[in-house]
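Line by line, the protein sequences give chains U and A.
If you read the first sequence in numbering that gives the first Met the number 0, its first letter stands for residue 0, the second for the next number, and so on.
If you read the second sequence in numbering that gives the first Met the number 0, its first letter stands for residue 0, the second for the next number, and so on.
Simulated from the structure, these hints should not be mistaken for laboratory data.
Note that beta-carbon positions come from the ideal geometry of N, C-alpha and C, so glycine has one too.
Fair warning: there could be bad hints in the mix.
As the list claims (entries may be wrong) - Pulled from the structure, derived: some chain U residues nowhere near chain A, Cβ distances all over 10 Å: (1) Gly34; (2) Arg45; (3) Glu58; (4) Gln108.
As the list claims (entries may be wrong) - Derived DEER-like restraints, expressed as beta-carbon distance ranges: (5) A:Pro145 to U:Gln37: 42 to 52 Å; (6) U:His49 to A:Ala397: 42 to 52 Å; (7) A:Arg62 to U:Ala19: 51 to 61 Å.
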Amino acid sequence: MSFQCQVSRLLDDEHRSSIALLDRVGHALAGGDLGALQALAAPLQRQLAHEIGHHFGFEEAELFPRMADAGDAELAQLLTEEHDTLRAVAAELQPLAALLVAGTLGAAQRAALQRLAGELVERQVAHIQKETMALLPLLDDLLDDETDRQLAFTYTADA
Amino acid sequence: MTAPAARPAPPRRAPVGGSFLAGAAGRLLPQSVPFRYFGAATVFHLAAWLVLLFSADQWPAWRGGLGWPLAALHLLTLGTLLASAIGASLQLLPVATRQPVRWPRLAALLWWAYVPGVALLAAGMGAARPAWLGLGAALVIGALLPFALLLGLNLRAARGMAGVVLHGWGAQAALALLLASAAALVALWLGHPLLPRDAARGVHLVAGVFGWMGLLAFGLSYVLLPMFTLGRVPDDGRQRQAGAVALLAVALAVAAPLAPSATVPLRAAALLAGAAALLLHLRLMRAVQATAMRRDLGIAGRLINGGWAGLALTLVAAAAALAAPDGSLAGSVFGRLFGLAAVAGWLLTFLLGVLQRILPFLAAMHAAQGRRRPPTPSALTLPHALAWHAAAHALALALLALGLALSSAALLRAAGAVGSVGALAFASFVAVLLLRTRKASTEAPAGPSR
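Could you build the full structure based on these sequences and the hints that come with them?
See the structure below:
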């Protein structure tokens with residue numbers, strides 16, 4: 000996708016990075032490559048913190064209310080529900096990722112990590128799919144230049 | 000931290016066509032409506048391969064008349080392809096074109112005429128019982144007319160997706176020709192000819208395979224492929240260009256059997272236009288893949304690519320048949336391979352690739368309703384069954400092609416056996432998907448998904 004709006008481009012860039020990382024995690028999971036998974040644990044942990052906190056928070060505080068005001072409340076609600084689901088999965092995954100980074104992950108916890116990471120990959124991909132196809136194009140119509148500039152500044156300044 | 004650069008040019012544009020996902024959950028038909036058609040398609044798919052398995056001896060001598068080969072062909076075209084197209088178009092078009100679903104009870108009721116009608120029609124063809132065939136055809140046509148009305152209402156009220164809508168209207172026109180030519184053929188078998196046999200058969204084949212199913216497959220690709228791959232939806236203007244060329248190809252091919260004095264030049268022109276339409280379509284599909292965030296669609300992607308290769312082979316076989324001394328498809332080896340490549344190589348392969356993506360997607364959306372942590376599509380999927388199916392499908396088609404080319408009943412029987420194994424594997428994927436969706440739907444609303 001190519002987007003006119005700065006906010007859309009920023010979010011799209013993050014989505015692409017996120018998909019790329021999640022794909023690497025997915026391949027490591029599918030191949031049972033624990034070494035690769037361990038190397039990816041720290042970036043995944045950072046991304047989870049950023050995505051769940053900054054990215055989701057920005058969308059919910061700044062974008063979804065504007066969408067609802069413009070008559071797209073149904074989409075805003077759907078995406079918010081998916082954020083809640085992703086937060087729940089991430090909350091279970093984050094402590095396990097921390098143990099993996101520290102090298103103290105037990106055998107029993109490894110299976111849980113693999114199951115949750117797989118679930119996160121699939122849910123994140125589906126969520127990004129919806130945002131890329133539906134939310135980001137909408138922003139090009141929803142935000143005027145000045146609002147777009149201000150929101151892009153707010154987003155990058157708070158990162 | 001500095002602010003990002005100012006936007007160079009601020010033109011506003013219409014939402015990208017892929018915004019159809021917005022509010023998709025609110026535009027879902029009751030799950031039982033599309034899935035009853037997909038379920039029937041799954042069963043008829045298995046039935047078609049089983050008919051081949053048990054009637055292989057009849058195939059080498061078959062020249063297009065009543066008999067089990069004709070029954071197997073219609074189990075595949077009406078039973079599998081058209082039933083899936085009904086389920087998919089009733090559900091996907093309202094979602095894609097941002098409008099509410101209409102008359103779900105009517106869509107559900109039509110199944111009760113359509114599915115027994117297809118079964119009776121196939122039995123009548125196989126057993127050479129024109130009365131059964133006539134009754135079955137009446138049920139099928141009686142179900143397809145209201146379906147065509149539903150489809151027309153969806154197309155008329157469509158918002159956006161002009162390219163998809165153009166393909167939809169083309170498919171709709173082809174459906175009208177398909178039904179008219181079907182009625183003429185049934186009347187012929189019942190002893191009341193309305194059209195010359197070859198003209199009716201020619202129109203029936205082109206309108207059904209290339210007009211109805213082909214245009215629908217092309218049009219829905221512009222919705223589905225960007226969704227599957229997270230790629231950019233092709234520009235509407237280019238979709239319309241490709242669609243216009245495809246429509247021209249279908250129109251020329253329909254005209255060919257109706258104008259006996261110009262059949263060969265019309266077929267040659269249709270072939271050229273068809274090749275151009277395929278190239279334009281593939282160029283747009285390649286552009287989708289070039290902008291895709293996820294390029295590897297796994298087995299489904301390989302089947303979809305295989306389907307496109309099947310269409311290319313269809314055109315090659317048609318060209319070879321056209322170059323033969325009598326320029327006819329009927330009865331020749333190239334004619335048989337043309338039919339196989341078009342129906343099974345292209346449409347069936349493409350459809351099975353698409354179905355294994357959209358069935359878990361739709362099931363997960365239904366299971367998500369009212370749940371905080373719904374199941375994921377992969378949690379509903381049986382991946383080993385899909386791998387078995389894909390391998391068996393490819394092998395069965397290869398055996399079928401060899402069997403038809405060599406007029407070998409043994410190879411045809413082997414194709415039927417391998418195809419049946421593949422169809423059983425696909426059926427187990429669908430059955431497990433439905434069982435897991437039901438289980439997920441009856442679990443506590445806030446329970447975990449895995």
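Verification of the hints:
no. : hint                            : in the structure
1   : Gly34                           : 22 Å, holds
2   : Arg45                           : 18 Å, holds
3   : Glu58                           : 14 Å, holds
4   : Gln108                          : 16 Å, holds
5   : A:Pro145 to U:Gln37: 42 to 52 Å : 59 Å, violated
6   : U:His49 to A:Ala397: 42 to 52 Å : 50 Å, holds
7   : A:Arg62 to U:Ala19: 51 to 61 Å  : 56 Å, holds
Checked against the numbered hints given earlier, this structure breaks only hint 5.
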